[in-house]
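**Q** So you can see what is in the structure, the chains are spelled out below.
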Amino acid sequence: MNAIQELYALQEARGHLRDEDLRALSERSRIPLYELQAVASFYPHFRRTPPPPIRVGVCRDLSCHQRGGPRAADRIASLCAGREDVEFQEISCPGLCDRAPACLVNDVPAASEQVEGYLADPDSIPGLAGIAPATPRRWESDPYQTNDDRYGELRLLAESREYDAAIARLAGSGLRGMGGAGFPTGRKWELVRKEPGGSKYVVCNADESEPGAFKDRVILEELPHLVIEGMALAALCVGAERGWAYIRHEYEAPRVALQRAIDDAYQRGVLGENVCGSGRRFDLQIFVSPGGYILGEETALLEALEGRRGEPRNKPPFPGVVGLHGRPTLINNVETLASVPRVLRTGSADLKFFSVSGDVNQPGVVEAPLGIPLRELVKRCGGMRGGVEIGAFLPGGASSGFLPGDRADVAMDWESLRQADTALGAGAVVVIGAGADLLDLGRNLTAFFRNESCGKCVPCRIGTEKAVILIDEGGEKSLALLPELDEAMRETSICGLGQIALTPVLSILKHFPSYRTKGTTS
Amino acid sequence: MSVRLSIDGREVEVAPGTTIWDAARQAGIEIPTLCHDPGLEPVGVCRMCVVEVEGARVMAASCVRMADPGMLVHTASEKVERCRRVLTELLMSEQPGVSPKEETTGDDDLFALARRYDVKARFPGGNPRPKDASSPVIAVDHQACILCDRCIRACDDVQHNDVIGRTGKGYTARISFDLDQGMGESSCVSCGECVAACPTGALTNRPLSAPIQARERLEAVDTVCPYCGVGCALTYHVDRKSNRVAFVDGRESPGNQGRLCVKGRYGFDFASHPHRLTRPLIRVDYPKRALSPEVQSSTRRKRKPGGIVDYDQVMPAFREASWDEALDLVARRLLEIRERSGPGSLAGFGSAKCSNEEAYLFQKLIRAVFGTNNVDHCTRLCHASSVAALLQMIGSGAVTTTYGDIQNADVALITGTNTTSNHPVAATFFKEAARKGTKLIVVDPRRSGISNHAWRFCQIRSGTDVAFYNGMMNIILAEGLADEAYIALHTTGFEEVQRTVASYTPDRVSGICGISVETLREVSIAYGSAHAALTFWGMGMSQHVHGTDNCRCIISLALMTGNIGRPGTGLHPLRGQNNVQGASDAGLIPMSYPGYQPVTSDTARTRFEAAWGACLDERSGLTSVEILEGARDGIIKGMYMLGENPFLSEPNVNEVRKGTHEPGIPGGAGHLSHRDGGVRRRGTAGHHRPGKNRHVHQHRPARSGGSPGARASRRSPPRLEDHLRDWNPHGLPHGVRLGQ
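So the protein sequences, as listed, match chains A and B. Going by the working numbering, the letters in the first sequence line up with residues 1 to 522, in that order. Going by the working numbering, the letters in the second sequence line up with residues 1001 to 1740, in that order.
Be aware that one or more of the hints could be misleading.
Taking lysine to aspartate or glutamate and the EDC-like style, the derived pairs with C-alpha atoms no more than 16 angstroms apart in a straight line are [what the hints assert, rightly or not]:
hint, chain 1, residue 1, chain 2, residue 2
1, A, K510, A, D437
2, A, K194, A, D164
3, B, K1079, A, E484
4, B, K1120, A, E484
5, A, K315, B, E1052
6, B, K1439, B, E1496
7, A, K510, A, E389
8, B, K1658, B, D1633
9, B, K1079, B, E1054
10, B, K1079, A, E487
11, A, K315, B, D1068
12, B, K1241, B, E1219
13, B, K1131, B, E1185
14, A, K379, A, E389
15, B, K1436, B, D1157
These are calculated hints, taken from the structure and not from any lab test.
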């Protein structure tokens, strides 16, 4: 019995999780009450109180914060105040940084200007069922010109069955994990392939939740067949028969697109008992995350798939050896998997999807060669808002360090950014115009990590909280504690969240030393 | 094959699968930790045990990281110590100013670390968190909780009570009970395992009879729990000034492995109850009705009979007396009765609460001095039928294995026992085995706690046990699952069993027991084909008019399948009182001398007459039920009771009252005022008793003859003030002498 699945079903039926229903569930399923409580209280999707008719969420994270989020939140909060039929919440990044400040009304994305109208006329609020995926555009990463061409690489591999050669080709291309960590993809596949037989699993990590990151949303909506093909290729190579796409619950349109593509793939014989005539079975299903950035951490994701609190596991062992239900599990990011068909065809992994948001005129997803200078990316996004200079930028999302605007010519690739003491990460580029209060943005990111810390280990659970207070206190004495705190968090936290939580704020104090004494009272 | 690595410059060689923390410990290096306890699965959440591993990107939590060949580990480098200090500072910034643990037992691990690192308050303080005082025995202070998850593992993985978990997320996460209720409102059974596991002041014992102080300021008395037959080893921490127990720790032993239940951990305050008698009392008033209206109204069902009556209503019927006066009176009256009506008009009730020594002396008193075998105790109402069946069928009236042996069984039949309530610590091992894959077949007309852990729960109709097990045997024989080699080598009378069970077809049994044929087949085949199957039973089996038959059935079942005498197999009647086994062994039963030597055997009688220098009655004595019927019918005219309360233990209280009210006899020794009786004096509370018990956790070969020695002995119990110990000797040192 999977507690998360059970709670989903219960909430679906009743609107919220009532005590008496949980008790009955516990009796029926033999899942102890404490475990139901532990799971239900961990995930934001689950609620213990009846939902009011209107639920408004306004994003509080970086890109939205930089583009009028706090003002929008204040305005909407005051509209909601006193209305019993409305629940107002500031929410963590829903992956709509290109529509900042992003809002959700009854889980449906909305522009902040629309919210007032919805509040005035609740009947006009669209239902979740009406959400339709975006119309696909043409992307260079898609090696197929027509619908019929799709899954061509998979058919070739199914016929040749030269799995080692395919993995070698991936390794040779230099393809790396696009979820942020940049682990060489070929090597990862090789590791799982080498594990002795029995059940193995392939998981697509579609839990994109980092402030500034939304490229996977676009890939899932517009190129879902590439994700499926990447997973099927992986399954053949490593010897897996089952796979899951773990997708965040806010990504309803991408989920619909992916589900349609999965249905189509079964129709075509791409999925199912005989993948493209390979003689091998591969079944793929979607698991909707009940919420939280931490679930993007691969072992937390596995915990959720197994129905528990999404708390990262101690590593080693890594999922490639001991993964889902203790079995070797290959976990790749959406973009990584979607890149595989083209990489197998061309042998080259030279393209990258960048999510660009912040103070650019046309925030959005840009597909560009790896190594493109940041300045060029900004140009492709219509230049800077109001023509201001680039003040600073995050090249790789919330978990990379800021670079000052004068480094805007840096090549956006793994090595160049590493040398610049930051990271390509998930390619979530957030550009900040000159004149912004950067320490405030550093605080915002630190608060994001505090909000999203799972709380499992001491350094992250308490460290992120203390860091936010220290930044709020400001001044030399408080801020001087951050490097020491950072060392303890970096060295002793279980997972990446705690390890890098203070990276952005410390990068600001490094590149913009004037902030170190800001707020100091003499 | 072993793993060689270097820890702080020392070459260490350990077995594969050893953690760095354990490897360091083997090398004599202690790595500090808060969340780790060698008795629990490591979780690596406090991160205090981090070490540097050369070449690694970040530090490793040594409690969860396996030692790898060639590792170069530094457990106390400057950087490691710096990180540990910051972690300690972070934790301390959230703590209450005063730790509830420092104030009581004084062993708060976090505060000790704070002293070690000389922590100053550099980080801002935390948000206040609530206290939870809803449990009568455990104080919860969420502010002092560091979320080390030790209580969670103690509750869920050790005791398998499944109450404590984490709730919420991130900084606001905390421990919670069930659906985030107060501890006292949750399904918590107050076993206190969480308190024992907690390294900080988050979970502490509430004082029950004496203030809780640091262990070194109290006297530690290692002893054995006075409650049930599981016989958990424990340590009483005694406040010598008030001569009271302050708190209890579970003690490591093969049986309980340090675990306790609510009774052992918190059930000690009765010893200092104000109603405890400190001087002998002599009955002066015999009104027609019972002394307490609660008893008078019991027939009108206002209140369930049994329990402690109103002290103030009872006491006026008694007057205090000196020991000499009381004992002289008892001795004189008992002798008078013997003179007038013969030895057979006297009887004695001992108790399964007695030590072996007390039981032995008591039955000797009744047999050698009173001159009758009318001596019995509550085993009659408990496992006497099990003992009879076991003696008859395998020649030994005791368990053949330990309850911990369940870990070696692939199937365990648990029947007629509410073990989670009656033997909670044994039940933890059952639940643990179930989690690890042992199939529990629970057979009971009543759904009790253990059935929630069952692989199959067979809710048979009450009283249909014989049919059920005959049905199982029928299927096992039909399926060819009987162990023919074992039957041939070790049993007699198999053909008769075969004939008997032949008519118990699945359909017929299903009809009798109210259980589906499929379930009956499933459990029969599971038991029959198990490599090792164990059987536990309780009074749901024995307390029937056909209790002995019930037990014979499950013994036959075990013998037929060869499930005896190997690891993970055997027969295990779960005994109720702490020394019900020892009391029976010591001869506190009407038909046997010590060691189950029949009183009707001339050889045995001659041997005991020689040893005791007295003439012994050659007839078997009356059982406890017969004694009380005898009292009612005027056959029994005088009784001496030690630590037994027939008003609680006998099946029909009204009959008991009829019997005991009239004769004006009983000389009683008990802790608290029961409802009736002539002369009463204070009994010795279990943890005041010196002496030995015999428990169900016995390590011995299944078929060895004779009684194994007592497993646990006690030393230096808390001092008694103004009353005699029960065995001195049985309150009758005066007057009653042989041959008078």
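**Q** What are the numbers of the hints the structure violates, in ascending order?
**A** Numbers 6 and 7 - these are the hints that the structure violates, sorted from lowest upward.
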